[in-house]
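As you go down the protein sequences, you meet chains U and P in turn. For the first sequence, position 14 (counting from the first letter as 1) is numbered 14 according to full-length UniProt numbering, and the numbering increases by one without interruption. For the second sequence, position 394 (counting from the first letter as 1) is numbered 394 according to full-length UniProt numbering, and the numbering increases by one without interruption.
By construction, these hints were calculated from the structure, which means they are not laboratory data. Mixed in with the good hints there might be a few duds.
Note that identical chains are pooled: a pair holds if it fits in a single copy or bridges any two copies.
As the list claims (entries may be wrong) - In silico DMTMM-like links for lysine to aspartate or glutamate, alpha-carbon gap of 20 Å or less:
id, residue 1, residue 2
1, Lys-271, Glu-171
2, Lys-172, Glu-182
3, Lys-271, Glu-240
4, Lys-2, Glu-28
5, Lys-257, Glu-27
All of these numbers come straight from a predicted model, not from anything done at the bench.
What follows is the residue order along each chain.
There are 2 protein chains.
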Amino acid sequence: MKPINVGLLGIGTVGGGTYTVLTRNQEEITRRAGRPIRIVKVADRNLALAKEVTKGEVEVTDDAFAVVTDPNVDIVVELIGGYTVAKELVLKAIENGKHVVTANKALLAVHGNEIFAAAQKKGVIVAFEAAVAGGIPIIKALREGLTANRIEWIAGIINGTTNFILTEMREKGLDFADVLKEAQRLGYAEADPTFDVEGIDAAHKLTIMSAIGFGIPMQFDKAYTEGITKLTGDDIRYAEELGYRVKLLGITRKTEKGVELRVHPTLIPEKRLIANVNGAMNAVLVMGDAVGPTMYYGAGAGAEPTASSVVADLVDVTRMHTADPHHRVPHLAFQPDQLSDLPILPMEDVRTSYYLRLRAQDKPGVLADITRILADQEISIDAMLQKEPDEGEDQADIIILTHITVERNINQAIAKIEALPTINGKVIRIRMESLSR
Amino acid sequence: MKPINVGLLGIGTVGGGTYTVLTRNQEEITRRAGRPIRIVKVADRNLALAKEVTKGEVEVTDDAFAVVTDPNVDIVVELIGGYTVAKELVLKAIENGKHVVTANKALLAVHGNEIFAAAQKKGVIVAFEAAVAGGIPIIKALREGLTANRIEWIAGIINGTTNFILTEMREKGLDFADVLKEAQRLGYAEADPTFDVEGIDAAHKLTIMSAIGFGIPMQFDKAYTEGITKLTGDDIRYAEELGYRVKLLGITRKTEKGVELRVHPTLIPEKRLIANVNGAMNAVLVMGDAVGPTMYYGAGAGAEPTASSVVADLVDVTRMHTADPHHRVPHLAFQPDQLSDLPILPMEDVRTSYYLRLRAQDKPGVLADITRILADQEISIDAMLQKEPDEGEDQADIIILTHITVERNINQAIAKIEALPTINGKVIRIRMESLSR
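Next up, chain U with everything else stripped away, as it sits in the complex (with noise of 0.2 Å):
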């Protein structure tokens, strides 16, 4: 049977792990798609690299344009990242009417809802496995394996560098910046690691698994993101001493008044088996109505890995190409004319659990003090943990974990106890989740 033929841009770590992939599996693939897959085309502006890894197999350019617009190419795969070529590449690809499979998650996070349309209206094909949880393949669960449910939440370990750090974090009990030192001279954290620890990256991911779990428009600029560089090692102690781990989670919760989406630090039991998920892999806990709790776990980031979706996406493709595009697995799982304007929930109206920690005065009334400010805020207070000062000091950490209030609630009481003349500095607040139905 005629082969597919794919251009690819970018030949990066993805790119090179995605010709590999192809190559080297190329009969198993061929055996399951019915008809080869072949890359005719690679586009890098390294164009020495993309000679050496195609091994002078295939034509190579440094125009990428070039790629997006050659008529013997069927599919372009993006892999360049980035905001704006990316996207200038990809919108042409879709407007010479090709099928894009793309691993960016900051583009479709930010201009998904434009390229969606672009695509739709053409007829073609954009897919993005590779774009979230990395080999997972979370997208086509969410799309395709749980479309019998109400999704309720979604909740996601979709940054292997920051849990790397911080598993490290809790079994050497460092803290993070001596961990990210190391995870940097791994090769688990870039130079830069800034996308990474603040929770922008897992944020990009987030927004595309909210859209196809919700059925609503990419959102990025209403995520909430707090990264994990101010974690530090009491911390991770103290919560494991209470039964719990501390991860960042990417959390997003259809409720009533609207959906919740969020990056953060987040205590969870420890007894949940996404607690346990450690190092750089990934996970992702959906919970659907109908299913309960499921969860998808392995490699979120890494040359095969990612290509492994990529390739999957592309006998995707290859199968879907030719059914009528009314028929095919719509972009954001719900037909394009079906998306809800469930708007993003502020984080001031988040309802969830916390933990704080705070620095008091060893005296007499500093607890009667505090939880009486929980209690004018309507907040509960599920266990306490106060700690002896330290040899000759005055000081000790009292943590609290609270029951389920509001976001507002907990913002307002924490002022109020940062204005206690016994209470030292500011109060830490971790958020908390049990994942539970």
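Chain U is fixed; fit chain P onto it per the hints.
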């Protein structure tokens, strides 16, 4: 858009769940599928039940053949179970040009090749997500999500009843028979639990996963099946002392000589995520050459979890049925003319490692005899645990963990050890898997 019409065979647990989920989530499902999916006819021997569940809103009959021949029915959902009538009905539905959705693992594992051939010939789809691991979309992950990979092996906790029993045995220190009674009382085990506790149900599901993972025909008759009925609380406790959990795993692995296809109790390192899947939950771990390990977790049984998969298949068929049959996802993941004839490996040729427990007299030379026998069979020892004899006894338990060897050798070694005059009774043998790459 014109609704797609479903005929439902069987309105028991899963049938009732399917009816409930389709009704409750109708709006959300239609927004995804692009057209309404409605049940137009229900067949059940228990007409009163059928009427009660469908509240008079749907035509009911006690003649299942009236459903599979009804020109108004587009898709037949078979939830009757068993091999005989179900097979006849599914083949009749195919003959009448209906697409089929089934949760019937036994039927597919035993008669799948014949059924898929008939469907292929007629150009209809037989979808079976609900047949393996209940609500977990594992068929979709294997057939579509991991198409880039050469699957190396699949290992799954794919029977909730036995996982519930093993979890209780470990947590409460009980023996099999006592927990079984409790499980029956709670509804986790059937009055005749043979299919579950002897591993037959797991072998059905494993047969299906093996076929789609490796592109081979269904070969249930060649599966090795060993249940959990002989497991003792002692073995589970000893395993734990050594850092392992005991799970009933379905394992299928591709080797150069053939495909391993086996269900048996298995020691797995407690650090593996899958070792911590407890209660009636299921999980499937898949090793792909590109993606590495991925795991899929969720409810493996129950009305609504299983219905979640049935309805997802209905949405898939609704989307796919207008596509030309050559571009649909192949039933067995690989194109029907591309199946491999790699044989199923006899159990004697399987290579794995072992937990051995033997009861030996507390005399000099006993260990020397045992280790000599193992060495003669080229079996090397990974760890050994010798328990103190109980007070007043002159015999003690010895536990040996071996490195990887071939099953034939361990069988020979066990026969020789059992023949030693210093050894009392049978040697207990439980297989071990590291589940690492």
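Okay, the hints, checked on the actual structure:
Taking the shortest Cα distances, Lys-271 and Glu-171 sit within 20 Å of each other both inside one copy (17 Å) and across copies (14 Å). In this assembly of identical chains, Lys-172 and Glu-182 lie within 20 Å of each other by CA distance solely inside one copy; the values are 12 Å within and 42 Å between copies. Taking the shortest alpha-carbon separations for Lys-271 and Glu-240, both the intra-copy value of 11 Å and the inter-copy value of 17 Å come in at or below 20 Å. Taking CA atoms no more than 20 Å apart as the test, Lys-2 paired with Glu-28 passes inside one copy only; the shortest distance there is 17 Å, against 38 Å between copies.
Proximity of Lys-257 to Glu-27 under the C-alpha cut-off of 20 Å is restricted to the inter-copy arrangement: shortest distance 19 Å between copies versus 51 Å within a copy.
Of the numbered hints listed earlier, not one is contradicted by the structure.
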